[in-house]
Amino acid sequence: MTTMVEIENLRKTFGPIVAVDGVSFSVGKGEVLGFLGPNGAGKSTTMKMITGFLTPTSGTVRVCGHDVQKEALAAKTRIGYLPEGAPAYHDMDMTPASFLTFIGEMRGFRGDTLKRSVSKTVEKVNLESVLDQPIETLSKGFKRRVGLAQAILHDPDVLVLDEPTDGLDPNQKHEVRTLIRAMAQEKAIILSTHILEEVHAVCSRAMIIAKGKVVFDGTPAEFEEQAPMHNTVLITVRGVETAIAQERFMTVTGVNKVEDLGKDGELVRLRIYPDEGQWTLPHISQFAREQGWDVQELYQDRGQLDDVFRLLTTPQQALS
Amino acid sequence: MGRIQVIFKRELASYFSTPIAAVFIVIFLMLSGAFTFYLGNYFARGQADLIPFFDFHPWLYLVLIPALAMRLWAEERRSGTIELLLTLPVTMWEAVLGKFLAAWCFTGVALAMTFPMWITVNLLGEPDNGVIFASYIGSLLMAGGFLSIGSCISALTKNQVIAFVVSVVICLGFILSGFPMVLDIFGWAPQFLLSAVSSFSFLAHFESISKGVLDLRDILYFFSLMAFWLFATVTVIDMKKAE
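Residue numbers (my numbering), protein chains in the order written: chain P, 1 to 320; chain S, 1 to 243.
This is chain S alone, in the form it adopts within the complex (with noise of 0.2 Å):
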């Protein structure tokens, strides 16, 4: 067992040793299921895919994942744990590593928590099981894009309420990247700039995988974009270590 699964161990339990784990749980279960059969309108489209659920993910995501992550670097700041922790023998790759893995963990066992979804949908009529699995993987990823933001911005501050509404924000606009809103603010950048940001979508490749096509362009573009932010997460939990 490597430093990095002790870390992983400890942050994971401490997730279901406090209320975060139940309250975060029932409420991802059931607001994605609230918005899937009353705003998605799930049984008058008559059609046995569990694109109405999916569809909502990422707008779940936005509010719930910041509120997991705004904890990871600021709470052990707060506190000063920081400090024990970062003076073990552990690099901080490790420590960046750890925590990160256990939250992306730990949103994976609320999404496997919809398996009902799944089962309901295959009772209801002969969905594509292949779509729907490429779905949670797509749901799963993304989730992982979140949680690596979450967790620079988290570094940035002891504030977790500054970490949270930040990480909104920034998250944000990552799902709409591909969206006038968004594209608008980057109006005098040339067009290869344009087309550079709006590829940077949630939205997009998130769709592109719900298809049920496990692109690697899509899957790279989500690995690349957490490898990215716990870099900076690593960077910032370095420069901003004194404070």
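Excised from the complex, chain P in its bound form (with noise of 0.2 Å):
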């Protein structure tokens, strides 16, 4: 694997405050870097100092080998980058064609190399109804589109890309993350994002930094892993008493704690925590219907990912 981002013990102050303190990692080409964190955690900071637009207090950031900062031209010219929000000029004709050929000319492209990248580009987000009408009346997905557009109309190594799918409708969101799917083997791509899920669905590492600092870098299945309800196996059996059932699930292999969850009628609810790295449910499900009990209900709990955001990101929650 190439490495495209290669990140030094980053650092920034704004004044007393340390926004991003000592952050190091590196991203390689095909990698798709999920970067969570509760606001203010120093996300956005981390990527505008990978893209060069803040100069970092310590630390250096190395895009396809050009330091950002010394060769700045050169790292700029093989990053794209979406800024949050996805800003755009307002001017009353600026549309999505002429955005798209502004930004192409500063990216060093005239005449049928520019007309060929932009209708490239324009064909891969789906800009094609909504090219000459003024970007000031687009709607909010088709904004997000024309930031995303001009991301990556110089098809670059490298993609920055902050809150990409934050206020949009469900489909526009699929639609943001199968675009991003689809560049993901060609492209080194770091994104930010609050919702959890996302990081399932288009990231294939996950970073969460919380304070300045990074706390979790891990593959999505690992971050789950962390939660504490992770593999934890719910049932629900009808006729039995919860002292009896409790008592005995203890006896399967691999069981580590029976938690009683109430009473629902006839029916009892338990949720069996395993020992570190058990597998228990088919031990379970053949227990329960050896004792020959009514299982109405079966099923293992991945844990919720807010869980382990919260635990991650929390110190109180750390602590206990």
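Honestly, I wouldn't trust all of these hints.
Far from chain S, some chain P residues (derived; all Cβ distances over 12 Å) [said to hold, decoys possible]:
#, residue
1, Pro38
2, Ser204
3, Glu224
4, Gly265
The calculated DMTMM-like cross-link candidates involving lysine to aspartate or glutamate, where the alpha carbons are at most 25 Å apart (straight line), are [to be verified]:
#, chain 1, residue 1, chain 2, residue 2
5, P, Lys211, P, Glu197
6, P, Lys140, P, Asp93
7, P, Lys124, P, Asp155
8, P, Lys263, P, Glu247
9, S, Lys9, P, Asp112
10, P, Lys213, P, Glu8
11, P, Lys70, S, Asp238
12, P, Lys29, P, Glu175
13, S, Lys240, P, Asp21
14, P, Lys263, P, Asp294
15, P, Lys115, P, Glu105
16, P, Lys115, S, Glu11
17, P, Lys120, P, Glu105
18, S, Lys241, P, Asp67
19, S, Lys241, P, Glu6
20, P, Lys173, P, Glu128
21, P, Lys257, P, Asp306
22, S, Lys240, P, Asp67
23, P, Lys140, S, Glu75
24, S, Lys241, P, Asp166
25, S, Lys240, P, Glu84
26, S, Lys158, P, Glu136
27, S, Lys241, P, Glu8
28, S, Lys9, P, Glu105
29, S, Lys9, P, Glu136
30, P, Lys211, P, Glu225
31, P, Lys257, P, Glu222
32, S, Lys9, P, Asp93
33, P, Lys173, P, Asp132
34, P, Lys70, S, Glu94
Covered, in the sense of this in silico footprint (three residues per stretch, anywhere, with C-beta under 8 Å from a C-beta of chain P), are these stretches of chain S [said to hold, decoys possible]:
#, stretch
35, 13-19
36, 72-85
37, 89-96
These are calculated hints, taken from the structure and not from any lab test.
Don't be surprised by glycine CBs; every beta carbon is placed ideally from N, CA and C.
Could you fit the two chains together into a complex? Lean on the hints.
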């Protein structure tokens, strides 16, 4: 895997406030890195330093081998950037066509090459229908697509997208994610999001930032494993005493704890916690059958991503 | 076509795609005409020159140019496009210069549209056209000076109203820097500083060009003034990007 973005000990302070506190990581070609974190955690600030908009207080960012500060122009030609909120010029006659032409010219395209790259990008993000409408009058979804279009116009090696799906409806979100996935093979993509499910949907790697520091870095599956309820088994049986069921389940291999979730008429609901790394569902299912219990419901909980997020980003919970 | 030209082209087009161009040019022409004929007693003087016309330019610019310049950077900052612009492969200087030159060119267009005045004075008498030409050059240089100040102040704030008011005050200071109003503020200062301050006066340099003498020192004054304020613009943007 070719390394496209290398970040070393990146730090940014605004007066007394430390926005980004010693962040280091690298992103390779084919990776889609999802940045997660509470508001104000330093996601946007980190992205702004990667794209060269903000100057780091200390530390370095290298994009395709070019130091973003020292070789700014060389680095910037390799990056496509969608700033938060997808800003675009709102002059009265600025249309997606004229806007993309302007961006293309700034990127050094002229004549036929310019026309070709604009029309290719327009096709990719489905902007044909609004190409000559003023950007000002477009819907949020289209505006976002215009923002994406300007970011990918020059087919950059590195794509930095600050909340690309924020404020879009579910269909538009789906479209943007499909687009990102389609480009993932060829590029290194860094995107930030508030939507935890998005990490599953598009990212190959998740990184959680809290208070300017990286608190988690791994695959979406590893992220999920951090959930306190991950791989617990929920079971509902009929016609058994709670205490007896609890006691008997404890004898099953790999079971660590059986929690009573309360009785609902005849139904006994339990949550069964496995020992670390154990796969208990088949054992539990078999055991219940052997006992001749009437199982109404049985499923394995993947755990709530929200719980992991809270656990990793709020200090009080991390202690308990 | 370099990147400065690309920015220049887009900026200039944006003036003409909004009502700014029409409003600015019409007001500039109306006021410069009204001042010349009513306040300047153009006819009563019975002289074939454009002195009453050019005399009012500093005061017209004082109000109109900060109004034009206030959006240069404040608007980019407010709408967030500054992030877009500065993450394109462009240096800060190219961005600042491209925008400034577009605004300057636009004031040049407005100024050029006062040509009927020049024709009129030629029909009425036999003016010294060399003096009038020099005055036009002087006026354009002065407009550039005002604009560069406005550009820097506009980079300081998101708020266009603040940018406007502060620019007007600073420009007024530059117009009046040879007058007691400004010099009295520097009453504590030694003599050499006082003469330095008074040598900053727009009026003095503009008047000497308006006499028909295109002195290199006056031209150099306006260009170094612009260079200074544009450099300040670059510095301010660099410092305040994060906000």
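Pairwise hint evaluation, Asp166 of chain P against Lys241 of chain S, where the allowed Cα distance is 25 Å at most: holds (23 Å)
Holds or violated: are the alpha carbons of Lys70 of chain P and Glu94 of chain S at most 25 Å from each other? holds (17 Å)
Reported absence of Glu224 of chain P from the contact zone with chain S (all CB gaps over 12 Å): holds (33 Å)
Just to be careful, I want the Cα atoms of Lys257 of chain P and Glu222 of chain P compared with a cutoff of 25 Å; is the pair within it? holds (22 Å)
Was Ser204 of chain P rightly flagged as not at the interface, with every chain S Cβ beyond 12 Å? holds (24 Å)
For the pair supplied as a hint, Lys263 of chain P and Asp294 of chain P, is the alpha-carbon distance within the 25 Å limit? Within the cut-off at roughly 15 Å; holds.
Given pair status - Glu105 of chain P, Lys9 of chain S, alpha carbons within 25 Å: At roughly 11 Å apart (the allowed maximum being 25 Å), Glu105 of chain P and Lys9 of chain S satisfy the hint.
Take a quick look at whether Lys158 of chain S and Glu136 of chain P sit within 25 Å of each other, Cα to Cα. Roughly 20 Å separates the two Cα atoms, so the pair holds.
Need the status of pair Lys263 of chain P, Glu247 of chain P: alpha-carbon distance at most 25 Å? Holds - the C-alpha atoms of Glu247 of chain P and Lys263 of chain P are around 16 Å apart, at most 25 Å.
When you check the alpha-carbon spacing of Lys29 of chain P and Glu175 of chain P, does it fall within 25 Å? Answer holds: Lys29 of chain P to Glu175 of chain P is near 22 Å, not above 25 Å.
Beyond 12 Å from each Cβ of chain S, as asserted for Pro38 of chain P: holds (19 Å)
Going straight from one Cα to the other, do Lys140 of chain P and Glu75 of chain S come out at no more than 25 Å? The given pair, whose Cα atoms are some 20 Å apart, holds under the 25 Å limit.
Going down the numbered hints, you'll see the structure goes against none, and every one checks out.
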